[in-house]
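Just need the whole structure built from these sequences, with the hints factored in.
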Amino acid sequence: MSDAHAESHEAHPTWSTYWKVALILTVITVIEVWCYYLKGFPETAYFVPTLLILSAVKFVIVVLFYMHLKYDAKLYRALFTGPFLVAMATIIVLMFLFGKFAIHLSLLT
Amino acid sequence: MATIAAPLVVPRTADEPYGVWSWLATTDHKRIGTLYLFTALTFMLIGGLEAEIMRTQLMRPNQHIVSAELYNQLFTMHGTTMIFLVIMPLSAAFFNLLIPLQIGARDVAFPRLNAFSYWVYLFGGIFITLPILFGAAPNGGWFGYAPLTTKTYSPGLNIDFWVIGLQILGISSLAAGFNFITTIINMRAPGMNLMRMPLFTWMSFVVQFLIILAFPVITIALVFLLFDRFFGTNFYEIARGADPLLWQHLFWIFGHPEVYILVLPAFGLVSEVMPTFARKPLFGYPVMVYSGILIGMLGFGVWAHHMFAVGMGPIADSFFAVTTMLIAIPTGVKIFNWIFTLWGGSIRFTTAAMFAIGMVAMFTIGGISGVMHSSPPADLQQTDTYFVVGHFHYVIFGGSLMGLFAGLYTYFPKFTGRLLDERLGKWHFWVNFFGSNLVFFPMHFSGLLGMPRRIWTYDGGQGWDTFNFLSTMGAYLLVPATLILVYNIWKSARSGKIAGNDPWGAGTLEWSIPSPPPPYNFAVIPRVTSRYPLWDVKPPLASAPVPNTPKHSEAPAPTAAELGIPMPYHTLKPLLTALALPIMFGGLMLMHLENKLPHYIFMYGGAAMLVGCLYWWLTTPLEPEHHHA
Amino acid sequence: MTATAADVGHGYTTTGLPHRKIAIWAFIGSECMLFASLISTYLIYKGRSIAGPFPHEAWTDPSTHHVYKAILNIPVTSCSTFVLLMSSLAMVLALAAVENRDVPKHTLGDRILGSSKLWLFTTALLGATFLSFQAYEFTSFVHEGLTIRTNLFGSSFFTLTGFHGAHVTAGVLWLLTMLGIDFKRGLGPKDALNVDIMALYWHFVDVVWIAIFTLIYLIK
Chain A
7 MSDAHAESHE
17 AHPTWSTYWK
27 VALILTVITV
37 IEVWCYYLKG
47 FPETAYFVPT
57 LLILSAVKFV
67 IVVLFYMHLK
77 YDAKLYRALF
87 TGPFLVAMAT
97 IIVLMFLFGK
107 FAIHLSLLT
Chain B
330 MATIAAPLVV
340 PRTADEPYGV
350 WSWLATTDHK
360 RIGTLYLFTA
370 LTFMLIGGLE
380 AEIMRTQLMR
390 PNQHIVSAEL
400 YNQLFTMHGT
410 TMIFLVIMPL
420 SAAFFNLLIP
430 LQIGARDVAF
440 PRLNAFSYWV
450 YLFGGIFITL
460 PILFGAAPNG
470 GWFGYAPLTT
480 KTYSPGLNID
490 FWVIGLQILG
500 ISSLAAGFNF
510 ITTIINMRAP
520 GMNLMRMPLF
530 TWMSFVVQFL
540 IILAFPVITI
550 ALVFLLFDRF
560 FGTNFYEIAR
570 GADPLLWQHL
580 FWIFGHPEVY
590 ILVLPAFGLV
600 SEVMPTFARK
610 PLFGYPVMVY
620 SGILIGMLGF
630 GVWAHHMFAV
640 GMGPIADSFF
650 AVTTMLIAIP
660 TGVKIFNWIF
670 TLWGGSIRFT
680 TAAMFAIGMV
690 AMFTIGGISG
700 VMHSSPPADL
710 QQTDTYFVVG
720 HFHYVIFGGS
730 LMGLFAGLYT
740 YFPKFTGRLL
750 DERLGKWHFW
760 VNFFGSNLVF
770 FPMHFSGLLG
780 MPRRIWTYDG
790 GQGWDTFNFL
800 STMGAYLLVP
810 ATLILVYNIW
820 KSARSGKIAG
830 NDPWGAGTLE
840 WSIPSPPPPY
850 NFAVIPRVTS
860 RYPLWDVKPP
870 LASAPVPNTP
880 KHSEAPAPTA
890 AELGIPMPYH
900 TLKPLLTALA
910 LPIMFGGLML
920 MHLENKLPHY
930 IFMYGGAAML
940 VGCLYWWLTT
950 PLEPEHHHA
Chain C
7 MTATAADVGH
17 GYTTTGLPHR
27 KIAIWAFIGS
37 ECMLFASLIS
47 TYLIYKGRSI
57 AGPFPHEAWT
67 DPSTHHVYKA
77 ILNIPVTSCS
87 TFVLLMSSLA
97 MVLALAAVEN
107 RDVPKHTLGD
117 RILGSSKLWL
127 FTTALLGATF
137 LSFQAYEFTS
147 FVHEGLTIRT
157 NLFGSSFFTL
167 TGFHGAHVTA
177 GVLWLLTMLG
187 IDFKRGLGPK
197 DALNVDIMAL
207 YWHFVDVVWI
217 AIFTLIYLIK
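Chains as they are written, first to last, in the working numbering: chain A, 7 to 115; chain B, 330 to 958; chain C, 7 to 226.
Note that these hints are calculated values from the structure, not bench results.
Any given hint could be a false lead.
What the hints assert, rightly or not - Where chain B lies over chain C, by a calculated footprint (3+ residues, C-beta under 8 Å):
{"id": "1", "region": "20 to 29"}
{"id": "2", "region": "46 to 55"}
Said to hold, decoys possible - DSSO-like cross-link-like pairs, simulated, lysine-lysine; straight-line CA separation at most 27 Å:
{"id": "3", "chain 1": "C", "residue 1": "K111", "chain 2": "A", "residue 2": "K26"}
{"id": "4", "chain 1": "B", "residue 1": "K826", "chain 2": "B", "residue 2": "K867"}
{"id": "5", "chain 1": "A", "residue 1": "K80", "chain 2": "A", "residue 2": "K26"}
{"id": "6", "chain 1": "C", "residue 1": "K196", "chain 2": "B", "residue 2": "K902"}
{"id": "7", "chain 1": "C", "residue 1": "K111", "chain 2": "C", "residue 2": "K190"}
{"id": "8", "chain 1": "B", "residue 1": "K925", "chain 2": "B", "residue 2": "K480"}
{"id": "9", "chain 1": "B", "residue 1": "K867", "chain 2": "B", "residue 2": "K880"}
{"id": "10", "chain 1": "C", "residue 1": "K123", "chain 2": "C", "residue 2": "K196"}
{"id": "11", "chain 1": "C", "residue 1": "K196", "chain 2": "C", "residue 2": "K111"}
{"id": "12", "chain 1": "C", "residue 1": "K196", "chain 2": "A", "residue 2": "K76"}
{"id": "13", "chain 1": "B", "residue 1": "K880", "chain 2": "B", "residue 2": "K755"}
{"id": "14", "chain 1": "C", "residue 1": "K75", "chain 2": "A", "residue 2": "K106"}
{"id": "15", "chain 1": "A", "residue 1": "K106", "chain 2": "A", "residue 2": "K45"}
{"id": "16", "chain 1": "B", "residue 1": "K755", "chain 2": "B", "residue 2": "K820"}
{"id": "17", "chain 1": "B", "residue 1": "K826", "chain 2": "B", "residue 2": "K755"}
{"id": "18", "chain 1": "C", "residue 1": "K75", "chain 2": "A", "residue 2": "K45"}
{"id": "19", "chain 1": "B", "residue 1": "K880", "chain 2": "B", "residue 2": "K820"}
{"id": "20", "chain 1": "C", "residue 1": "K123", "chain 2": "A", "residue 2": "K26"}
{"id": "21", "chain 1": "A", "residue 1": "K80", "chain 2": "C", "residue 2": "K196"}
{"id": "22", "chain 1": "A", "residue 1": "K106", "chain 2": "C", "residue 2": "K226"}
{"id": "23", "chain 1": "C", "residue 1": "K123", "chain 2": "C", "residue 2": "K111"}
{"id": "24", "chain 1": "B", "residue 1": "K826", "chain 2": "B", "residue 2": "K880"}
{"id": "25", "chain 1": "A", "residue 1": "K45", "chain 2": "C", "residue 2": "K226"}
{"id": "26", "chain 1": "A", "residue 1": "K26", "chain 2": "A", "residue 2": "K76"}
{"id": "27", "chain 1": "C", "residue 1": "K123", "chain 2": "C", "residue 2": "K190"}
{"id": "28", "chain 1": "C", "residue 1": "K226", "chain 2": "C", "residue 2": "K75"}
{"id": "29", "chain 1": "B", "residue 1": "K902", "chain 2": "C", "residue 2": "K190"}
Every residue gets a Cβ at the ideal spot worked out from N, C-alpha and C, and that includes glycine.
Below you can see the structure in the form of C-alpha cells.
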C-alpha cells in the first residue's frame with residue numbers, strides 16, 4: 007500500500023449524471039415489467055436471461071454511479087467485488103446442487 | 330537511568346488505570362485481548378471437563394456413568410465450547426493483543442466496537458453454557474443438523490439455547506471482523522506495505538474475510554431454524570416439502586471456512602515463533618502469504634466434502650473431492666516452509682519453539698488423515714466414525730491449540746512483563762504432547778474398525794475396547810498437563826522472571842516497546858523498511874542467550890498526556906449494548922411461558938435497550954477533541 | 007529500532023481513506039452473503055411447496071375447493087420498486103447537498119437541489135412509502151391465505167422480504183436521525199462522510215431489492 011495521501015476522488019458525478027441514471031433505472035424497470043406481461047415471452051428461454059441482464063445493468067449503474075464506486079478509491083471496489091463474487095458463486099453452486107439447473111443441462115443425471 | 334542495586338520491577342506507566350471499572354469500561358486492545366485470553370482459558374477448562382466425562386464413560390464397554398441424554402449434551406457442548414468459546418476467542422485474544430503492535434498502531438480502528446465484541450462473546454458464552462447446569466444444554470451436536478433439531482424431534486429448550494447462543498456469538502465475530510479488516514488496511518505504520526506485514530497479521534487478515542463471508546450464512550441457517558422452532562415456518566419441515574439437505578449445505582458453507590478460521594491464526598503464530606527461535610527469517614515469506622490467501626479462498630469451495638455420504642451424485646462428489654485435494658497443496662507448502670525455516674537455523678528449544686514444532690508434526694498427521702477423507706469412496710467408510718474424530722482433533726488440538734500455546738509462551742512476557750516458567754512449560758509440553766497423541770491416535774484404528782461417532786456406549790468385543798481405554802488414559806494425562814499450564818500462568822504473573830522489551834531477540838515491531846506496553850503502545854510511530862525491522866538494527870545472534878532478560882529496571886514510560894497523545898475515553902457503553910442482546914433474545918425464549926408478560930418485557934425492553942445504547946454510543950465521541958500545538 | 011521519522015499525526019491512515027468508509031464497504035460485502043443465503047433458499051424452494059397458495063399461478067385447495075389466486079401482485083410491486091429506486095436518487099441529492107452546502111447557490115433550482123433537509127426528508131419519505139407498500143402487500147397476502155407458516159413459498163418469501171424490509175426500516179430510522187441533526191445544528195461538509203456512509207447503506211438496500219424484484223417477482 008502506498009503512503010498516506012489525501013483522499014481524492016475524481017470529479018463527483020453531477021446532477022446531470024444523477025437524473026440520467028434515475029431515468030435509465032426507470033426505463034429498465036418499465037421494460038422488465040413490460041416483458042413480464044408480453045404475451046408468450048415469459049415462457050420462452052430468453053425471458054430469464056433478458057431479465058437477469060436488465061437487472062444486472064440496474065445493479066451495476068447504481069453501484070458505479072450512486073455508490074460512486076467508479077469515482078472512488080480502488081480499494082472499495084476490491085472490498086465489494088470479492089465478497090460479491092463469492093456470493094454469486096455460492097448461489098450458483100447451490101442451484102446446481104439442488105438440481106435447479108438440471109433442466110438446461112441434460113448431462114446431469 | 331537506573332541503579333544496579335535496585336530490584337527489578339515490571340515497568341508501569343504512571344497513568345495506567347486500574348480496578349474493576351477500568352476493565353469493564355476499557356477500550357484498550359491489550360486489555361480486551363487479556364479478557365479474551367482468560368475467558369477462553371476458563372471455557373477451556375469447562376470444555377475439557379466435558380471431554381473427561383465423555384472419555385470416562387467410553388473407557389470401557391457398556392458403562393452407565395452418564396445417561397445417553399447427558400452424553401448428547403456433553404459432546405454437543407464440548408464441540409460448541411471448544412470451537413466457539415475457546416479456539417476462536419484464543420485467536421481473538423491474539424488478534425487484539427498483537428495486530429496493533431505488529432503494524433505499529435496505537436489501537437484498532439474502532440476501539441469501542443472491539444470492547445463490544447468481547448462483551449458479546451462473554452454474555453453469549455454464558456448464555457449457551459449455563460443450561461447444562463439444569464440438564465437443558467444443547468444436545469443436537471455442535472453442527473445441529475435439522476430436521477433433528479426442529480421442534481418435532483427436539484421439543485425441549487436445549488436447541489433454543491443453542492440457536493440463540495450462536496446467533497449472539499456470531500455478532501461478536503462479525504463486529505471484530507469489520508474492525509480488524511479496517512485496522513489492518515488502514516493503520517499500518519509508514520513503510521509497512523502488505524508484503525512487509527508480519528505473517529500473523531497476514532493470516533489474521535485472511536481470517537477476518539473468512540469470518541465476514543461465512544458467518545452471514547450460518548446466521549441465516551440459524552434464523553431459519555429459529556423461525557421454524559418459534560414461529561412455525563417450514564424451512565426444515567420435511568412434511569411440507571423442505572429439503573433435508575438445506576441445513577447441511579448452509580451449515581457447511583459456513584462450517585468449512587470456520588475450520589480455516591480456527592487454524593490460520595495458529596499458523597500465523599507459528600510463523601512468528603519459528604523465525605524467532607531459529608534466529609532466521611521465515612523461509613519463503615511471499616509463498617506463505619499466497620498460500621494463506623489461497624487456503625482462504627479455496628476454503629469456500631470444499632464444503633460438501635462433509636456430505637459425501639448424503640447422495641449428492643457423482644458430479645457434485647467429484648467436484649468437491651477435487652477442490653479438497655487441491656486445498657492440501659497450499660497447506661502442505663506451509664509445512665515445508667516451516668521446516669526450511671528451522672533448517673540451518675540456530676534453534677533455541679524453548680517451550681514456545683517446542684509447541685511450534687509439535688504443531689507442525691501433529692498438524693501434518695491430521696492433514697494426512699484429512700486428505701484421506703477427500704476421496705468420496707474412502708470417506709464413505711471413514712465418515713461418522715472415530716477416524717474423523719481423530720483427524721479433526723489432530724488438526725484442532727494438535728494444530729490450532731498447540732500453535733496458540735506457542736504464541737502464549739512467546740507473548741506472555743510481552744503483555745505481563747514476566748516470562749512463563751520454562752521448566753513448568755517443558756512439563757506442560759511433554760505431558761500434553763504425549764497425552765494428546767495417546768488420546769487421538771488410537772481413534773484412527775477404532776474408527777476404521779467401525780466405531781461410530783456420538784455413541785454414548787458400545788458393546789465390547791468389536792475390537793474397540795483397547796483403543797478406547799488408551800484414549801481415556803491419554804485424556805486423563807491432559808488433566809495434569811492443563812493444570813501445570815494454569816499453575817504456570819498464575820505463578821508467573823506474580824513472580825515470573827522480568828522479561829524486558831525483547832527477551833527472545835525477535836525481529837518484529839511489538840518487541841521494540843516495553844513489556845507490558847504503555848497504554849499508547851508507541852511513543853513515536855515507527856517508519857518501517859523491512860519485514861524484520863528489529864533485525865535490521867540488531868541481527869539475530871546465533872549465540873545470544875534466550876531468554877535475554879534485563880539486568881536493571883527501565884524508567885517508567887512517559888504518560889500519554891506527557892507525550893500529547895489523545896487516548897479514547899473509558900466507557901461502559903459497549904458492555905451495556907452487548908448486555909441488551911441476551912436480554913432481548915432471552916425474552917424471545919420466554920415466549921413458551923403461560924404468562925406472556927415477561928416475554929414482552931424482556932424482548933421489547935431488550936430491543937429498546939439495544940437501540941438506546943446504540944444511539945448513546947454513536948452520538949458520543951471516542952476521544953477528547955484535541956488541538957495540535 | 008528502525009530509522010524513525012517525526013511522529014505521524016493523530017488522524018494518520020495508511021491509505022488516506024477514512025476508517026468508516028472502509029468498514030461500511032466490508033459490511034456491504036458481508037451483507038451480500040447474507041442476502042445470497044436468503045435468495046438461494048428462496049430459489050431452492052421455488053416450485054417445491056406441496057400446497058399453495060403459489061406466487062404466479064392460481065391453486066385450488068383439494069380439500070376445501072377454495073380457489074387461491076396467484077399471490078404476487080406485479081403492478082403494485084412495480085410501483086414500490088420504482089419508489090425505492092427514486093429514493094436512491096433522493097439520497098444522492100441529499101449527499102450532494104450536504105457536501106456543497108457552502109457553495110453559493112444562485113438559482114431557485116440550485117437552492118432546491120441544495121437543500122439537504124428536503125432530500126433527506128424525501129429519501130426517508132420514499133423509504134417509508136416503500137415500507138407501506140410492503141405492509142399492504144404482506145397484509146393482503148395474509149388475507150388471501152398466505153402466511154409465513156403456510157408453505158415453503160410463504161416461509162421463504164416472508165423471511166427474505168422481511169429481512170429486506172427490516173434493513174429498509176433501519177435505514178429510514180438512520181435517515182430521520184440525520185434529518186434531526188440537520189434541523190438541530192445543520193449538516194455540512196464535515197458531516198459528508200457520515201452521510202456518505204448512510205447513503206452507501208441505503209443504496210445497497212435498494213440494490214438488493216433490484217435483485218429480489220427480478221428473481222422473486224418477475225421470474226416465474
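Going down the list of hints, with the structure as the test:
Counting residues of the region 20 to 29 of chain C whose CB falls under 8 Å from any CB of chain B gives 6; the rule of at least 3 is met. For a cut-off of 8 Å, the count of residues in the region 46 to 55 of chain C with a CB near a CB of chain B stands at 5, and the three-residue condition holds. A threshold of 27 Å between alpha carbons decides the hint, and for K111 (chain C) with K26 (chain A) the separation of about 22 Å falls inside it, so the pair holds. For the given pair, K826 (chain B) sits about 23 Å from K867 (chain B) by alpha-carbon distance, which is consistent with the 27 Å threshold.
Only pairs whose Cα atoms come within 27 Å are accepted, and K80 (chain A) paired with K26 (chain A) is accepted, the gap being roughly 24 Å. A distance of roughly 25 Å separates the Cα atoms of K196 (chain C) and K902 (chain B); the hinted pair therefore holds under the 27 Å criterion. Straight-line distance between C-alpha atoms of K111 (chain C) and K190 (chain C) comes to about 22 Å, which keeps the hinted pair within the 27 Å bound. Between K925 (chain B) and K480 (chain B) the alpha-carbon distance is near 20 Å, which keeps this suggested pair within the 27 Å criterion.
Between K867 (chain B) and K880 (chain B) the alpha-carbon distance is near 19 Å, which keeps this suggested pair within the 27 Å criterion. The hinted pair formed by K123 (chain C) and K196 (chain C) meets the criterion: a straight-line CA distance of about 16 Å does not exceed 27 Å. Our distance criterion of 27 Å between C-alpha atoms is met by K196 (chain C) and K111 (chain C), whose separation comes to about 19 Å. In summary, the hint linking K196 (chain C) to K76 (chain A) is supported, as the alpha carbons are separated by about 23 Å, within the 27 Å threshold.
At roughly 25 Å between alpha-carbon atoms, K880 (chain B) and K755 (chain B) fall within 27 Å of each other, so this suggested pair holds. Proximity of K75 (chain C) to K106 (chain A) is assessed by CA-CA distance (about 25 Å); at most 27 Å being required, the pair is judged to hold. Annotation: proposed proximity of K106 (chain A) to K45 (chain A) holds, straight-line Cα distance about 25 Å (limit 27 Å). Note on K755 (chain B) and K820 (chain B): the hinted pairing holds, with a Cα-Cα distance of about 15 Å set against a maximum of 27 Å.
Straight-line distance between C-alpha atoms of K826 (chain B) and K755 (chain B) comes to about 16 Å, which keeps the hinted pair within the 27 Å bound. In summary, the hint linking K75 (chain C) to K45 (chain A) is supported, as the alpha carbons are separated by about 19 Å, within the 27 Å threshold. The suggested pairing of K880 (chain B) with K820 (chain B) holds, with an alpha-carbon distance near 21 Å, which does not exceed 27 Å. Distance check on the hinted pair: K123 (chain C) and K26 (chain A) sit about 23 Å apart at the alpha-carbon level, within 27 Å; holds.
Pair hint K80 (chain A) plus K196 (chain C) holds up; C-alpha atoms about 23 Å apart against a cutoff of 27 Å. Among the hinted pairs, K106 (chain A) with K226 (chain C) is consistent with the structure: their alpha-carbon atoms are about 13 Å apart, no more than 27 Å. Proximity of K123 (chain C) to K111 (chain C) is assessed by CA-CA distance (about 16 Å); at most 27 Å being required, the pair is judged to hold. Simply put, K826 (chain B) and K880 (chain B) have alpha-carbon atoms about 11 Å apart, close enough for the 27 Å limit, and the pair holds.
Of the pairs offered as hints, the one joining K45 (chain A) and K226 (chain C) holds, with about 14 Å between alpha carbons and a cut-off of 27 Å not exceeded. Distance check on the hinted pair: K26 (chain A) and K76 (chain A) sit about 16 Å apart at the alpha-carbon level, within 27 Å; holds. The suggested pairing of K123 (chain C) with K190 (chain C) holds, with an alpha-carbon distance near 11 Å, which does not exceed 27 Å. As the CA atoms of K226 (chain C) and K75 (chain C) are separated by approximately 15 Å, the hinted pair is consistent with the 27 Å bound.
This hinted pair checks out: K902 (chain B) and K190 (chain C) have alpha carbons roughly 24 Å apart, not beyond 27 Å.
Violation of the numbered hints given earlier is absent; every hint is satisfied by the structure.
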